[in-house]
Each structure stands twice: as structure tokens, then as C-alpha cells.
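**Student:** The residues making up each chain are set out below.
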Amino acid sequence: MKRIHRPRLDGLVRTRSLAATPFPRRRLLQGAGALGAAAMLGGGSAQAATSLKLMCWEGYDVFLEGGDFLAKNDMSLDKTYIGAPEEIVAKLRISPREVDLGCPYFIEVPFMAAEGLLQPLDLDKLPNFKNLFPAIVDAARSNMTYEDKWYSAPFTWASIPLMYNANEVKEPLESWMDMLKPEFKGKSAIPADPTSVFATWGRVVTGNQSPNRMTLAELDETVKFLIDMKKNHLRTIAASYGELADLFARKEILVCEGAEWVAPLAGEDVDIKWSFPKEGTMSYIEGWSMGSHTSNPDAVYAIIDNALSVDGQLAGAEYNLLPITNAEALPKLSEANRSLYPYDDIASFFTTKVRIEEMYLLEADGINASWDDYIKGWETVMKA
Amino acid sequence: MPRNPVVLTLFALPATLIFLLFFLGPFIYFVVMSFWSVSLFRLSRDFTLVNYLDVYREYGYSVAFTFAIALLIAVIATLLAFGFAYLIRFRAGRLGPTLLFVTLITMFGGYLVKIYAWRTILGTTGILNTGLIELGIIDEPVSWLLYNPGAVVATLTHFLLPFAVLPLYGSLRGISDAQLAAARDLGARPLRMLIDIVLPQCQPGILVAFMLTFFIAAGDYVTPRLVGGTATAMAGNFVENQFITALNAPQSSALAVAILAVSAGTVLLLRAVMRRTLAVR
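Which chain is which? The protein sequence lines are G and L, in order.
Per the numbering used here, residue 199 is the first one in the first sequence, and the count goes up by one each step.
Per the numbering used here, residue 291 is the first one in the second sequence, and the count goes up by one each step.
Some clues are possibly wrong.
To give an idea of the interface, some chain G residues facing chain L are shown, with a C-beta separation under 10 Å as derived from the structure [to be verified]:
1. Lys270
2. Ser274
3. Asp276
4. Lys277
5. Gly281
6. Glu284
7. Ala288
8. Gly384
9. Arg433
10. Ser438
11. Asp444
12. Leu560
13. Glu561
14. Lys574
15. Trp576
No wet-lab data here; the hints were simulated from the structure.
Predicted model, so just to flag it, every value in this text is computed and none were measured.
Note that beta-carbon positions come from the ideal geometry of N, C-alpha and C, so glycine has one too.
Assemble the whole structure, with the sequences as input and the hints as a guide.
**Tutor:** Okay, here's the thing in C-alpha cells:
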């Protein structure tokens, strides 16, 4: 979950807040039209028989609703869009009955399971789980399971490649350090997403292949590197991943740390390409989890399974420009979406191109950096 | 206007309730929360001053920087707005209402629209760079127009200008033409009339215009993120970071309270200075 994603609303976070989901004008107009029509018809429909309380990134709900699932099942969703996945943790702690399902950041799932905030998933009640790409299931397993039980069901994923404007950059970039070449001074950017920034540059600076588990000394070294990069090299720190697309489109930058779906958002005037640098880059997998106190587990299973179904996958993936996890949806996927993600060799992608990170330490031990230390480090970069 | 106290109370009740429920209540809650702490995403309702110590130790520079930027924006916006409101009130004649209407119309543009408009103006491929190149003044785009504190000042000043114009125009409307005519007949020059008649009677409008622009600028965090570049992180950005990324509501509450205290102090100081220097003579 890298907060990466969501292209629509900006927000910082280690996750996708930054992203902001792609939100084409056409969709906006469609929405406005629908709203107007509803108003003209007198609005309000009869209350659905089943209502579920959902917490997720804006746009992810489309996965759940695909194939007109809500209408067919007389169901409705009481949605709360998050600005950071930790909001789900906090909500489950304060009001566990207020969250039937959500999409916690997958590295936090074991912690949440151990804390009793989530229910283990009975995979027999998720028939579409067996259709997921085995490589994705394998990649998700370490973070989405706890004591051999699945607590989250993967429905999409993405990664943080090195992106560049191929109209101007003729030679493929193979290393994150290429971004620091003199020709990219004042022409490069990173997102305001501490999760991906530390995962990317912590690995580059310190060589630590588990950048979420850096020592305090390594974190300090990375912070100093980022401050120098910020002061002397970057054009800006983009408010979101969607913002990176805008920066490409306006020719403000030539290279950045981005996400696959940034490319189509930048428009047809710029040829955005990307690489997975030799130092490695992070990937994240998004999954649906069930709150510990849901009052209607059967309905939750049904809608999560729909998100994993062909209809749900196609609806969510096309809407968000994100990849699918259900192999059976692949034949029906648009060419545009296929061109963004390595469906042909997804197994080696997860084992050789990208890395799955683990949870940060939540409590300081004096040697290794905790999540709070990462946050402070990021603020040090911002303040410098 | 009814004079019955019961009726007056009933009239005031809705606004009072809204104020209490949606402003004072949450504000008190945040003040209380600023003395709490967080551990593993869980609020701990103990009493601690560490959040305020951190405001001083960790965010002192950011608060000062935010204060400076907000002050600059408020001063520029208030001065520009005064000039514009003065024009509408005393110089524009029948064109005045149209100018006032135009001022109101700009408020419909929306906050983000104005930010993106300034990015379009100041960007590498923006209107300004393109125009300068077309005029032969520069050979290639200059990059320093955007992503710096100056871009934040320009954007927020533009956005806040209508908020300053309206209270100032309201104050200027209250000034009697007869007073100005009498002063003129007695030989007062325009500057003397401005100092002795217009400004003293405009005090409330000036104060409100300054407050609106200063408070909004001091609390903003979107504009610096979108046009401020790498060196314009304002206190609001850290409030957001602590609230959303760290889920540390007590720390962000303390920072917000500190910003509010500094802002309120500034406005009270301005008010005292204005009372002393712009007293009605």
C-alpha cells in the first residue's frame, strides 16, 4: 500500500496519500451528471438491506463495487476515505464496530492481527482467492498472514520505479544514482512520501536491503543524503504521485521516483518510461481485511470476494490504472493497463525486480530506528 | 429590531450553538489533547508538556518562518485591498458596484484553481516564461519563478485579496461624504484626509482584513506544498504530517495551538498599535 497510489487527493504519508487517484475530467463530468440526475429524480433510494462500514483509499471502493455488486446484493457501503492507513488502525482501536472492512497497509497487518484488530480470513469463503497470481500470493504472504492465517486478501499492487521523460532522456537509466547526474539538477523530484523515499534512498545510501529496518546511524546517514539532494538537486518534492505526472507534463522535471500509473497521467505529449534500478526498489500489495467486530462477516466475505473477482478486478484496475491480482481477469484487461505492468512475467518480477518491505519497528530500542524515528527524519528533511 | 430579551436570545441561539458546538468545543478538545501523548497509535490521556517543548525545540524555526510569510502576505494583501476598496468607494463612481461584483466573482474561482493558475503562470513552460522568451528578454525559461517562498506569497496574496477587500469596503462605506467634503473645503490635502478621517474610521475593516489574510495564510499547508518547492515547508505542513502520517494528534494539536497563539498575539499587537496611531481625532 504504499501510499502511493491514489492519485486523487494529495496527502502525504508513507502511503499513498500522495497519490491521489487518477481522476479524469470525463469521470468528473459523469459524476456531476449522475448527481444532477439523482437530484432531478428526487434523490434518495430505498435503504439497502445490508450496509457495511468501509475505510479505504478513495477509488479502491471501485474494486468492491465492480459488476454492479451492491445493487445485485441489496447492499450499500458507508465509506470513509483515508488519508493514511494508520487511520484504520486508530479507528479499529477506538471504535472497532465502526469498521467492517478496510485496506490496511499490508506491512501493518501482522501487527494489527496480533493486536486483535482484524479477523483471520476463511479462504473457503473467498472462492476467487484461488485465482490470484501465485507470485502475488507468495509476495503478500509474509505481510498478510499471521500465525499461518491470512488476514488480508490481495487485490492490487504497484511499485516505485525510477521514471524519466524518454523524449529528453535517450539512454535508459539503470541506477537511482543516475537521478543525481548533473544534467538532472533542478529537473528531478521525489514524492512527499516518506515510506517510499526511505525505502528507495535508504537502500541506495546504506546498502541495507531492509530499509524499513535501518539502524539509527543508517537513518541519520540517509536523512543527510536526502537533505543534500533536496537542497542541491531537486526541483521540488511533489505533494503527490499525481503531482509527479503534472510535473512531467509541464516539463518541470525529467526524472523522478514515481509509480507506474504516473506515466499515463502525464499525457500523450511526454513519453514516460521507467526502470527498476539495480539497487532495488520497493513494491507494495494492497489487501482487504475484515474488522474484528464486524456484525456481518458473510457480507464482508461476499464483497471482498467480489473485489477479487473478474468484474471487481477489471472495474478497480481500469478506474485506478492499477494492476490486477486475479489471473482470470487478465484476458479482459485493457491494453493500456497491460502495458503498465509485467503480467507476462509476474513471478520473476516479484523475485528479481522489486522487493517487499517489512513493518517498521514501532518501539525504539536505542539502536534501530522506529517508525517515529522515520517520521522525525522526514520532518528533518522537510525543515532543512 | 425586536427588543424583547427572549426574542433576542432566540435570534442569537442558532449562531451561538453553532459557535459552541463546531468551534469552541473542538478547539477546547484540541487544547486538552495537546497535553496528551500517543503510543502505538493509541492515545494516552496523561498530562505532559513535552508536545509544547517539541514545538519550541523541533518546530520553532518553522513557526517563525510561517509567521514571517503570513505577515508579509497579510500586509501586502491588506495594502492592495485598501487601495482597491478605496478606488471602488471614492473614485470609481458608477463603475464601483461592477468592480465590487468582480471582486466577489473571483471568490468563486476556488482555492486550488488559483494555485494551479499560478503554476501555469510561473512554470518553466508557463505564460510568464513564454512571454519573456517571445519578447526576446530571455533566451531560455528561468526556473526560479516557481517553487520558492515568493511563489507562495504571490499565490496566497492573490487568493486572499477578496477576503481583505470586502471588510475594507464595508468600513469605507461608513465614512460620510459630508466629512470629507468639509475637510476638503477647509483646505485639507488628500493625505491629511486619509490620515485624519479615512484611516481612523477604517480601523475595524483594516483589522478584519489583516486578521482574515494573516490567519488563513498562517494555517495554510496546501499552497507551500504545490508551489513552495523544497524550502518552503510551513508549520501547517508539520501539523498535517503529525496528524496524518504519524497519527500523533497531541503533537499536531500543540503545534496548531502554538500557531494560533502567535497569530492571536500578532493581531492583538496590531490592534493596540492601530488604536494608538489611528485614533479618531
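**Student:** Hint by hint, note whether the structure agrees.
**Tutor:** These are the hints, each one checked on the structure:
The interface hint given for G/Lys270 is violated, since its Cβ lies 35 Å from the closest Cβ of chain L, which is over the 10 Å cut-off. Using the Cβ-Cβ criterion of 10 Å, the hint placing G/Ser274 at the interface with chain L is not satisfied: the shortest such distance is roughly 27 Å. At about 22 Å, the closest approach between the beta carbon of G/Asp276 and any beta carbon in chain L exceeds 10 Å, and the interface hint on this residue is violated. This hint is violated: G/Lys277 has a C-beta 18 Å from the nearest C-beta of chain L, more than the 10 Å allowed.
Evaluation of the G/Gly281 hint against chain L yields a held restraint, the C-beta minimum of about 5 Å falling below 10 Å. Taken as an interface hint, G/Glu284 checks out: its beta carbon lies about 4 Å from the nearest beta carbon of chain L, inside 10 Å. Proximity of G/Ala288 to chain L holds as hinted, the smallest CB-CB distance being about 5 Å (cut-off 10 Å). For G/Gly384, the interface hint holds, the least distance from its beta-carbon to any beta-carbon of chain L being 6 Å, beneath 10 Å.
Taking 10 Å as the C-beta cut-off, the interface hint given for G/Arg433 holds, the closest approach to chain L being about 6 Å. A least Cβ separation of about 9 Å between G/Ser438 and chain L falls short of the 10 Å threshold, and the interface hint therefore holds. With a cut of 10 Å, the hint placing G/Asp444 at the interface with chain L holds, because the nearest CB-to-CB distance is about 8 Å. Interface restraint check: G/Leu560 against chain L, minimum CB-CB distance 6 Å, threshold 10 Å, status holds.
The interface hint given for G/Glu561 holds, since its Cβ lies 7 Å from the closest Cβ of chain L, which is under the 10 Å cut-off. Contact between G/Lys574 and chain L, as hinted, is supported at the beta carbon level, the nearest pair being about 8 Å apart and thus within 10 Å. For G/Trp576, the interface hint holds, since its Cβ comes within 10 Å of a Cβ in chain L; the closest pair sits about 7 Å apart.
Violated hints, in rising order: 1, 2, 3 and 4; the structure is consistent with all others.
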